[in-house]
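Taking my numbering, the leading residue of the sequence shown gets 189, the next gets one more, and so forth.
Take the hints with a grain of salt, since some may be wrong.
As the list claims (entries may be wrong) - Listed next, with one range per pair, are the computed distances between beta-carbon atoms:
hint: 1; residue 1: Thr486; residue 2: Glu462; range: 33 to 43 Å
hint: 2; residue 1: Asp523; residue 2: Glu234; range: 22 to 32 Å
hint: 3; residue 1: Ala276; residue 2: Gln343; range: 14 to 24 Å
hint: 4; residue 1: Arg425; residue 2: Glu234; range: 42 to 52 Å
hint: 5; residue 1: Gly480; residue 2: Glu265; range: 39 to 49 Å
hint: 6; residue 1: Thr486; residue 2: Arg335; range: 32 to 42 Å
hint: 7; residue 1: Ile355; residue 2: Ala398; range: 18 to 28 Å
As the list claims (entries may be wrong) - Derived DMTMM-like pairs: lysine to aspartate or glutamate, alpha-carbon spacing no greater than 20 Å straight-line:
hint: 8; residue 1: Lys192; residue 2: Asp523
hint: 9; residue 1: Lys192; residue 2: Asp415
hint: 10; residue 1: Lys443; residue 2: Glu397
hint: 11; residue 1: Lys443; residue 2: Asp523
hint: 12; residue 1: Lys391; residue 2: Glu341
hint: 13; residue 1: Lys387; residue 2: Glu331
hint: 14; residue 1: Lys328; residue 2: Asp415
hint: 15; residue 1: Lys391; residue 2: Asp334
hint: 16; residue 1: Lys443; residue 2: Asp381
hint: 17; residue 1: Lys387; residue 2: Asp334
hint: 18; residue 1: Lys391; residue 2: Glu378
hint: 19; residue 1: Lys574; residue 2: Asp198
hint: 20; residue 1: Lys443; residue 2: Asp415
hint: 21; residue 1: Lys192; residue 2: Asp419
hint: 22; residue 1: Lys391; residue 2: Asp326
hint: 23; residue 1: Lys443; residue 2: Glu348
hint: 24; residue 1: Lys328; residue 2: Glu268
Hint data in this document are derived by calculation from the structure and do not stem from the laboratory. Just so you know, these numbers come straight off a predicted model, no measurement behind them. All C-beta atoms, glycine included, are put in the ideal place defined by N, C-alpha and C.
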Amino acid sequence: MPIKFLAAADRLMTWCSSAALPVWSSYGVDSNGRFVEQISQQGSAEADVNRRVRVQFRQFYALTHSHILGLSTDLIETAERAMTQAIADSFDADDAALERGCALLLRADGSVLDSTRDLYTQAFYLLALAWRFRLSQDTKWLEAADREIAFLEQQMGSPEGGYIESIPPRLPRRQNPHMHLFEAFLALHEASDEARYLKLADKIFDLFEAHFFGEESDCIIEYFTQDWQPDPLQGGRIEPGHMMEWAWLVDQYGKQSGRSVSAYSQRLYAKAREIGLDPVTGLLMDEVRMDGTPIRRTRRSWPQTEYIKAASVLAQSGYAPALGHAAEVIETLLDTYLNTDVPGIWRDSYNADGVATDNSAPASTFYHYMSAIGAVSELSQAIRTKGLAGQLPEDGDKPPGGVQVARRRAGSPL
Numbered sequence: 189m190p191i192k193f194l195a196a197a198d199r200l201m202t203w204c205s206s207a208a209l210p211v212w213s214s215y216g217v218d219s220n221g222r223f224v225e226q227i228s229q230q231g232s233a234e235a236d237v238n239r240r241v242r243v244q245f246r247q248f249y250a251l252t253h254s255h256i257l258g259l260s261t262d263l264i265e266t267a268e269r270a271m272t273q274a275i276a277d278s279f280d281a282d283d284a285a286l287e288r289g290c291a292l293l294l295r296a297d298g299s300v301l302d303s304t305r306d307l308y309t310q311a312f313y314l315l316a317l318a319w320r321f322r323l324s325q326d327t328k329w330l331e332a333a334d335r336e337i338a339f340l341e342q343q344m345g346s347p348e349g350g351y352i353e354s355i356p357p358r359l360p361r362r363q364n365p366h367m368h369l370f371e372a373f374l375a376l377h378e379a380s381d382e383a384r385y386l387k388l389a390d391k392i393f394d395l396f397e398a399h400f401f402g403e404e405s406d407c408i409i410e411y412f413t414q415d416w417q418p419d420p421l422q423g424g425r426i427e428p429g430h431m432m433e434w435a436w437l438v439d440q441y442g443k444q445s446g447r448s449v450s451a452y453s454q455r456l457y458a459k460a461r462e463i464g465l466d467p468v469t470g471l472l473m474d475e476v477r478m479d480g481t482p483i484r485r486t487r488r489s490w491p492q493t494e495y496i497k498a499a500s501v502l503a504q505s506g507y508a509p510a511l512g513h514a515a516e517v518i519e520t521l522l523d524t525y526l527n528t529d530v531p532g533i534w535r536d537s538y539n540a541d542g543v544a545t546d547n548s549a550p551a552s553t554f555y556h557y558m559s560a561i562g563a564v565s566e567l568s569q570a571i572r573t574k575g576l577a578g579q580l581p582e583d584g585d586k587p588p589g590g591v592q593v594a595r596r597r598a599g600s601p602l
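Using the sequences plus the hints, can you model the full thing?
And the structure:
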């Protein structure tokens, strides 16, 4: 099993370094240094499409992480130029201190189309700042992060806990932007070792325990009322991909905080597989009910990358079957979503009949692929250098802690 995983991991990292990075650092950047929103399946940049600000910061993260992993050596200037441009475009021109958050949406020429201060977007600005500091060790990026956090606390903090969705406010409240803030705070703490960022992550984890994680269902609740009650209309809509994402994030939080929280990762992983796997393909569906009834049997690529991340950390914790799960999903991605006419881009989604439904590859997905590649790289290194393979228990159905995991259902790839 380790041999199968290592071979799949090597294929994925080769695809990233030899195909994806060359495409997204060339066709994926316009003449002004901004990242494009998407590339057509024929390989042409769709440069006239409006730009989500969060995608600018996500692409910066992707190129920076690739550099730190040793998958690229000459893309930092491209990444830094794009981030500098994104900050100039998305913050108010008269706000020299950058204390009012970044805008939501830009036109292709960089002018602001939607100035809404959206929590999801702010989270990815913080994530980009964490990685820029990690790369440069220049404290001005931590100072920028602290200004952004002050904006969040003063302008977007909610008396019920957490943060409002946006300025102006809207409902329902969602766990998703809080999940990405959790990710950003952990990235800031990992990069700087500053305790203040871990304390912010602690507060998000408190929300996770109190509201996001369903103690009886083992699911992640997505939508809420103002006072953090499950939304009466949408509270039963479950995204297995987010359950896998939380499984990985909780593992990272446990490593940084020293808290014993692995049972949450195990329960989320088990439940996501139980209710989220498509019975034909063995891939995660986009949306289901708590009992596994499909709401959307479409299968976007990003949930599969989160499946890989969660499986990677479960395997490192000693749950042997997760190593096989990761290998299988990586191979399926490479043979389907990533098997495109133009190497280096991706199919974003397949419908319930197994037909690809998109004409373009969204740039936003590269963040998910690069994060998965980071988790895969870490596990590969552990297997090769620490003899992890010899420490894994025999194959079985129970991860550490005795949490039952459904067997993967056989079927055609897509």
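Tested hints:
1. Roughly 19 Å separates the CB atoms of Thr486 and Glu462, a value that falls outside the hinted 33 to 43 Å.
2. Roughly 26 Å separates the CB atoms of Asp523 and Glu234, a value that falls within the hinted 22 to 32 Å.
3. In this structure, Ala276 and Gln343 meet the distance hint of 14 to 24 Å, their C-beta atoms being roughly 21 Å apart.
4. Between Arg425 and Glu234 the beta carbon distance is about 30 Å. The supplied range of 42 to 52 Å is therefore violated.
5. Taken as a hint, the range 39 to 49 Å holds for the pair Gly480 and Glu265, whose Cβ atoms sit roughly 48 Å apart.
6. Between Thr486 and Arg335 the Cβ separation comes to about 39 Å, which falls inside the hinted range of 32 to 42 Å.
7. The hinted window of 18 to 28 Å between Ile355 and Ala398 holds, with their beta carbons roughly 24 Å apart.
8. A threshold of 20 Å between alpha carbons decides the hint, and for Lys192 with Asp523 the separation of about 15 Å falls inside it, so the pair holds.
9. Between Lys192 and Asp415 the alpha-carbon distance is near 47 Å, which puts this suggested pair outside the 20 Å criterion.
10. Annotation: proposed proximity of Lys443 to Glu397 holds, straight-line Cα distance about 17 Å (limit 20 Å).
11. With a C-alpha separation of about 33 Å, the suggested pair Lys443 and Asp523 falls outside the 20 Å cut-off, and the hint is violated.
12. At roughly 12 Å between alpha-carbon atoms, Lys391 and Glu341 fall within 20 Å of each other, so this suggested pair holds.
13. Of the supplied pair hints, the one linking Lys387 and Glu331 holds, its CA atoms being roughly 17 Å apart against a limit of 20 Å.
14. As the CA atoms of Lys328 and Asp415 are separated by approximately 36 Å, the hinted pair breaks the 20 Å bound.
15. Proximity of Lys391 to Asp334 is assessed by CA-CA distance (about 16 Å); at most 20 Å being required, the pair is judged to hold.
16. For the hint pairing Lys443 with Asp381, the CA-to-CA distance comes to about 13 Å; that is within 20 Å, so the pair holds.
17. Of the pairs offered as hints, the one joining Lys387 and Asp334 holds, with about 13 Å between alpha carbons and a cut-off of 20 Å not exceeded.
18. Our distance criterion of 20 Å between C-alpha atoms is met by Lys391 and Glu378, whose separation comes to about 17 Å.
19. Using a Cα cut-off of 20 Å, the hinted pair Lys574 and Asp198 holds, with the two alpha carbons roughly 18 Å apart.
20. Taking the CA atoms of Lys443 and Asp415, the gap is near 31 Å; set against the 20 Å cutoff, the hint is violated.
21. Taken as a hint, the Lys192 and Asp419 pair is broken in the structure, with Cα atoms around 43 Å apart against an allowance of 20 Å.
22. With a C-alpha separation of about 27 Å, the suggested pairing of Lys391 with Asp326 is violated against the 20 Å cut-off.
23. For the proposed pair Lys443 and Glu348, the alpha carbon gap of about 28 Å is over 20 Å, so the pair is violated.
24. Between the alpha carbons of Lys328 and Glu268 the distance comes to roughly 14 Å, so the proposed pair stays at or under 20 Å and holds.
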